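All chains, please: the whole structure from these sequences, using the hints.
Protein chains in written order, with the working numbering: chain S, 1 to 93; chain L, 1 to 266.
Since the hints were derived computationally from the structure, they do not count as laboratory data.
There could be a bad hint or two in this list.
What the hints assert, rightly or not - Now the in silico label distances, taken between C-beta atoms and shown as ranges:
| id | chain 1 | residue 1 | chain 2 | residue 2 | range |
| --- | --- | --- | --- | --- | --- |
| 1 | S | 63 | L | 100 | 51 to 59 Å |
| 2 | S | 3 | L | 263 | 49 to 57 Å |
| 3 | L | 262 | S | 9 | 48 to 56 Å |
| 4 | L | 51 | S | 5 | 49 to 57 Å |
| 5 | L | 63 | S | 55 | 31 to 39 Å |
| 6 | S | 32 | L | 69 | 19 to 27 Å |
| 7 | S | 55 | L | 169 | 49 to 57 Å |
| 8 | L | 255 | S | 9 | 47 to 55 Å |
| 9 | S | 9 | L | 231 | 17 to 25 Å |
Keep in mind the model is a prediction, meaning the values are calculated, not measured.
Virtual Cβ for every residue (Gly too), placed ideally from N, Cα, C.
Now for the letters of each chain:
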Amino acid sequence: MLNLDDVLSVAPDVLSRQSGEEVVVVLLGKGRFFVLNRTGAAVFRMMDGQMTLREIAAALNQEYRVPPERAEQDVLALARKLLERGAIIKKEA
Amino acid sequence: MERALGWTLDIGGIPLALEGPAFWVEPFARAWERWGGATPVWRVGLEPDAGLPPSSASLFAARPRFADGHVLLRAPGFAGEIVPQKGWACLRAHPGAGLEDIACFVRTVFALCAFEQGAILFHAAGVVHREVAWAFFGNSGSGKTTLVSLSRGKVVLSDDLLLLRRGQDGWMAWTTPFSRYRGDRLFAPLRALLRLMKAPEDRLERMSPGTALGELVANSPVVNADPVRLPALFARWEEIRARVPVCALLFRKTDAFWGVIDAKFG
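Right under this line is the structure:
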């Protein structure tokens, strides 16, 4: 289960490419891809193995003026989806 | 002793020599006769190996593994290796291996060879209409074969795999022998890339740049699984996309979609 103090990073067999405002994420091991919109792309870029999800939500709030509570909910929801798809991995404490 | 044979497969000016026992090479030389070529760029050795177990699964299901510049394709009864830097590939297979599996290996080698030559093997059907090529892409089940069967009277380039290669005046779509339609060896200027979607109406729909790029990469077999080549694959598709429109084609089981295409592209 993820929480806002978790730190995530991109999985090793994942490659991404910026295309306009979107990001295409390719899961090499699974032969699948998905596309993230502008804010999804920003969140994905911040999953660098350093920032907690709370810090990412705060940055989203600053950069895109998303209300703090909504930002936290959105970041958590996206992180869960990406984790489920195998695009990111959780950094163990 | 079975005599060995060499035969050169040439798709879109990209030649590949098949070398091995006659019982494996000859059927391809016959079935793909129109794609016979001359001086090969790459060599593909086919070696029967009775020491391998009889194949229990199709090579088609095997995913290529990329490591240290080599590509390995392994399945029970098969041991394939491709070394792009040397333009060399070899498939050792149990002597009872089927031609479909050998063809699968040849397709895999060709996908890499084509990419190294600046081209792309594209999982798409191709139809010539008004003297230009229309590439219809999508996963299995998206309607490629249906669309081809609805395009009566038009020249079909392929119902499954096209070769896209830069020509003097832009990107061209070439026939490949990797499909049920094996007509003449032809090519035509690429006019549009259309993502197929079966629907109760005929309509063209915009695709976002990211979705279009993702779908095009997803339909670039073999190369899209290689972490080293993937950035170049993205770049190549972006180059094509800058010149050739990409959109989704929603279509019914009639040929009315050609009217929609004509209305949009003239």
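So, going through the hints one by one against the coordinates:
Range check, residue 63 of chain S to residue 100 of chain L: about 53 Å between beta-carbon atoms, so the 51 to 59 Å window is met. Judged by the Cβ atoms, the range 49 to 57 Å given for residue 3 of chain S and residue 263 of chain L holds: they are separated by roughly 53 Å. In this structure, residue 262 of chain L and residue 9 of chain S meet the distance hint of 48 to 56 Å, their C-beta atoms being roughly 49 Å apart. Under the hint 49 to 57 Å, the C-beta atoms of residue 51 of chain L and residue 5 of chain S, about 55 Å apart, fit the expected range.
Between residue 63 of chain L and residue 55 of chain S the CB atoms are about 37 Å apart, so this pair conforms to the stated range of 31 to 39 Å. Against the hinted window of 19 to 27 Å, the Cβ-Cβ separation of residue 32 of chain S and residue 69 of chain L comes to about 25 Å, which satisfies the hint. The hinted window of 49 to 57 Å between residue 55 of chain S and residue 169 of chain L holds, with their beta carbons roughly 52 Å apart. Our hint of 47 to 55 Å for residue 255 of chain L and residue 9 of chain S holds, since their Cβ atoms are close to 50 Å apart.
At about 19 Å, the CB distance of residue 9 of chain S to residue 231 of chain L agrees with the hint of 17 to 25 Å.
This entry satisfies every hint, going by the numbered hints stated previously.
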